[in-house]
Amino acid sequence: MGLGAFPGTDPHFIGMLGMHGTYEANMAMHECDVLICIGARFDDRITGVTSKFCPYAQVIHIDIDPASISKTINADIPIVGGAKQVLVELIKQLDQTELKVDKKALDAWWKTIKSWQSQNSFAYEQKKGLIQPQAAIEELYKVTNGDAYITSDVGQHQMYAAQFYHFDEPRRWINSGGLGTMGFGLPAAMGVKLAFPDKDVACVTGEGSIQMCIQELSTCLQYDLPVKIINLNNRYLGMVRQWQEFFYEKRYSHVYMDSLPDFVKLAEAYGHVGILVENPDDLHDAMVEAFKLKDRTVFLDIITDQEANVYPMISAGKAHNEMDISPLQQKVQASLKAKGELV
Amino acid sequence: MELSGSEIIIQFLKDEGVKHLFGYPGGAVLHIYDALQKQDDVEHILVRHEQGATHAADGYARATGKPGVCLVTSGPGATNAITGIATAYMDSIPLVVLTGQVPSHAIGSDAFQEVDAVGVSRPCVKHNFLVKDLNKLAETLKKAFYVATTGRPGPVVVDIPKDITAPHIKIPYQYPEKIELRSYNPNFKGHPRQIKRAVELILNAKRPMIYTGGGIILDNASEELRSLRT
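For the record, the sequence lines run as chains A and B. When we follow the working numbering, the leftmost residue of the first sequence carries the number 1, and every step to the right adds one. When we follow the working numbering, the leftmost residue of the second sequence carries the number 344, and every step to the right adds one.
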């Protein structure tokens with residue numbers, strides 16, 4: 001939920017935390033000795049199993065709502081107040097104090113973090129003739145110069161959007177993180193476009209989520225709200241399929257979406273532009289064309305690899321240093337281990 | 344000036360600085376829609392499902408920092424909005440949802456398109472109100488906006504029975520500049536001694552980590568966060 005508050009492209013930013021966060025963020029969380037939590041609520045997607053969360057850390061929790069403090073994770077130093085005013089006072093005191101940081105320790109800490117970062121936990125395999133969903137987000141980021149407003153629905157596509165779109169400004173990442181409501185993306189994009197008609201607004205979605213509030217395509221036309229819908233179409237309810245693959249021995253129960261509409265025809269029926277993308281070689285041009293059509297709502301139906309999974313993943317009952325990592329990262333770790341360089 | 348309940352609602356929204364309203368008409372809100380149609384300052388976006396209205400207002404609020412405002416009718420209009428309201432509740436987004444309600448004398452009689460909006464939304468709102476007195480309408484709306492946008496933001500539902508909005512009953516209206524809620528006093532400043540303890544702990548840390556969430560964005564504290572970088 002905090003993506004963009006701190007620039008995503010800043011080297012001090014070590015990534016999203018939690019169930020599908022970066023390897024380095026989760027490892028750092030596990031190994032840290034002081035945790036400064038500002039304006040966050042230790043949601044279960046972040047903490048994983050609370051008994052194994054931050055085993056070595058003292059926790060400072062800054063929050064405006066006292067009911068949030070020590071709700072799931074005990075705060076050693078609770079501070080009730082608005083993030084802005086507390087930070088102003090904190091910075092003032094940091095400037096005035098005579099205490100100094102332990103530079104040697106911090107340098108060593110950064111060295112460790114960088115070594116985790118170098119394993120590139122989000123790296124994915126390209127497959128010939130198949131569009132990987134991560135590639136679609138990378139293309140979206142490039143074509144919009146990282147400057148768009150991005151809304152999303154819920155599922156694998158949501159995770160890829162959060163992982164691969166680097167938000168440098170706050171209020172650009174618009175998604176239902178808490179309740180996880182499918183159907184949120186398109187109407188939310190409408191609301192954003194109404195507020196910022198001159199900015200690029202894209203809704204990253206899946207073929208399941210987009211059908212939940214699809215009728216709002218009509219509102220987009222009536223009020224001239226040309227949003228771009230980036231549909232990562234894998235013909236599965238992807239996140240549920242992933243869980244069924246990992247935890248139910250691939251017993252895919254009711255996750256295959258049969259009888260999908262022809263989304264291009266559907267978009268056209270609503271008065272918009274529909275573009276089907278099936279080939280990785282066509283992805284870039286299609287994305288460019290979609291955003292060139294400034295005055296039209298464009299539905300980009302991108303057919304993606306059905307087998308793609310979101311990594312890393314902290315499974316139920318596991319700690320932050322017990323992540324499931326991608327096959328690619330496993331290879332990297334194996335080679336580091338062989339050289340005696342695995343941290 | 345003397346205004347009817349519907350006119351008070353529209354005038355209040357104007358005075359509060361609301362430029363956009365996301366909604367869907369129906370029987371219980373007909374008078375309000377009539378007043379809406381007679382002016383141009385507040386633009387109404389007609390969605391295709393009340394869930395869309397709440398999500399659109401939510402996206403608008405997240406992007407701008409201003410409260411998102413919705414207008415839906417009674418019964419199924421209100422229940423269709425619940426998912427969007429719960430979405431805003433879980434992410435602490437300022438939303439004010441005006442729901443139409445059956446006339447006051449019919450409440451509880453299983454009237455056409457009646458639902459207990461206050462009851463049904465209670466677990467997923469920061470607060471909700473049922474307007475029982477036309478004279479309290481403006482003040483209630485002000486309270487709703489105040490609660491939605493201060494402290495930890497959240498969705499607020501204001502349930503408005505149709506008779507309150509009747510066009511022929513007019514009362515004097517004055518925009519309530521300030522409102523006080525006796526038991527609601529959101530704390531903004533942190534305790535300086537707690538902050539001092541935090542400073543000491545941070546500077547003595549060998550492996551510190553900062554974990555931030557939506558609260559930084561809701562309080563527009565991004566600049567301060569960036570200058571915290573050592």
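Fair warning: there could be bad hints in the mix.
As the list claims (entries may be wrong) - Derived BS3-like pairs: lysine-lysine, alpha-carbon spacing no greater than 30 Å straight-line: (1) A:K111 <-> A:K100; (2) B:K486 <-> A:K100; (3) B:K539 <-> A:K100; (4) B:K362 <-> A:K71.
Hints are computed from structural coordinates only; laboratory data are not their basis.
Checklist entry - Quick one, are K539 of chain B and K100 of chain A close enough, alpha carbons at most 30 Å? => result holds (14 Å)
Checklist entry - Quick one, are K362 of chain B and K71 of chain A close enough, alpha carbons at most 30 Å? => result Not satisfied, since the Cα-Cα distance of roughly 38 Å exceeds 30 Å.
Item to check | Satisfaction of hint between K100 of chain A and K111 of chain A, Cα-Cα up to 30 Å | outcome: holds (20 Å)
Next on the checklist: Hint check: K486 of chain B vs K100 of chain A, CA-CA at most 30 Å. Holds or violated?
Outcome noted: violated (47 Å)
The structure does not agree with the numbered hints 2, 4 stated previously, though it agrees with the rest.
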